[in-house]
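Undergrad: Given these sequences and hints, build the entire structure.
Residue strings, one per chain:
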Amino acid sequence: MIEVHNIWKSYRNKSVLKGVSFKIEEGKIFCVIGPNGSGKTTILKIIDMLEEPSRGEILFNSVNILSLKENEKVAYRKKMAMLFQQPTLYNMKVHENIALGLKIRKFDKTILKQKIQCSLKEVGLLDYADKHAYTLSGGEAQRLCLAMALALEPEVLLLDEPTANLDPANIIIVENIIRNYAKNNGLVIYTTHNMFEAKRLADRIALLVDGSIIEEASTEDFFGSPRDERVAKFVRGEIVFG
Amino acid sequence: MSPFSLFIDFLNEEIISITLLSFQVSLSAVLLGSIIGIPLGTLLALKDFRGKELVITLTNTFMGLPPVVVGLVLYLLLSRSGLLGPLQLLYTPWAMILAQFIMSIPIITGLSYSAIVAVPQKLIDHAISLGADRRQLVWIVINESKVGILAAIVAAFGGAISEVGAIMLVGGNIRYLTRALTTAIVLYTSTGEFDTAISLGIILLSTSFVVNLVLTKLQSKYKPNSKKGFKPPRLSD
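If you read the protein sequences in the order shown, they are chains A and B. Be aware that the first sequence starts at -4, since it is given in the numbering used here, and climbs by one per residue. Be aware that the second sequence starts at -10, since it is given in the numbering used here, and climbs by one per residue.
Hints are not guaranteed to be accurate.
[Claimed, not checked] Here are the simulated EDC-like pairs of lysine to aspartate or glutamate, each with C-alpha atoms no more than 16 Å apart in a straight line:
hint	chain 1	residue 1	chain 2	residue 2
1	A	101	B	122
2	A	23	A	150
3	A	74	B	122
[As the list claims (entries may be wrong)] A few chain A positions that, by computed beta-carbon distances, are all more than 10 Å from chain B:
hint	residue
4	17
5	107
6	181
Derived by calculation from the structure, the hints in this document are not laboratory data. Note that CB positions come from ideal geometry on N, CA and C, so glycine has one too.
TA: What follows is the structure, encoded as structure tokens:
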């Protein structure tokens, strides 16, 4: 379980996150929805310990991971995998990109090949294994990044607008992969600015505007009976944030 | 007589030894310079310490180090009464290697530093997110900047093979011992043997072209062109 407690973050005296709190259990997909610049990416980076909050706590199975020493942080980071909004691939072949993460996390060398093939098959890139990563299209590159994350068998998957730059066919592929991952007891924290995508995928949704969560509820309640008037208008398409 | 047979006649034992010495000296100096310069450039790029900006400024300044100044200082150090006099290196190929080695260090350090700091922060974040420790992170960053690091080596080699002032001073341009292509060109020009000087110039240009061609081929291998939509992350991303 991941519990985000009262997270604040400021850059040069400007508050980006203002007391963000939520919790999410295994097997669930939690979606942070909000306009560009609302602080969605910063939340994910703080959970992955790539950025430090000004204050607040992140509890990973009741352990405050932000208070740990660097080597202990690495151990917890290795339980998670993050997919960045823009594909982040290294200057090497497709299969070598996946192998990089597996080697860093010291997976058994004898199963590397099998794991690489499984994850490439899952994202439909098995035939691209020996191609150079930089020759892939944008959609293929994003799917390869997802394969890199899935191959690591993380307990927590952090996805930063994973479908933002994809065509409809690729969106369906990626959404199915995320659903399957959650079905196998994985925990997904997912950001998007697409209301319809959040409705299709998420178990719980939080609407983040200007660094504050306006409402957090189950997908059914969020769309069916929102408590906040702004959320109701957002759901009806009467407000476009940002 | 055809130009080719004239050229073959020209390639006597002395010319071959001059050419070989030039490349031995420059390649050795650049190899040693890489062993020192690449780790230094990496350290400058990845480690924060007090006075870092000053070190970077000094490195950039020394990238334009005048060869005759290096030659003069080294000459004074290596001469009989100098600090390194007992080593008896003056007027030997070792002194020439030492001079070019000193000049190659700031070039390789400065250009390696530039290549490494140009690695996008996103790739570094991703590596940290994967769980990379400091050693793994350094390896990943060097691997990502290998095209730039290779460019640093190419630039250092280009500077070394065409350098004349320093190796003239510490090598002495001694026939069959320390005469390199550039110092030989200077000698033959001063004695009015322009045909020989020009031929040596052509050898210098064409052989360094071959060496650079190999290094450029390596660069292309490391950096394939993105033919489709995906573009690797840029510094500005």
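Undergrad: Hints broken by the structure, by number, lowest first?
TA: As far as the earlier hints go, not one is violated by this structure.
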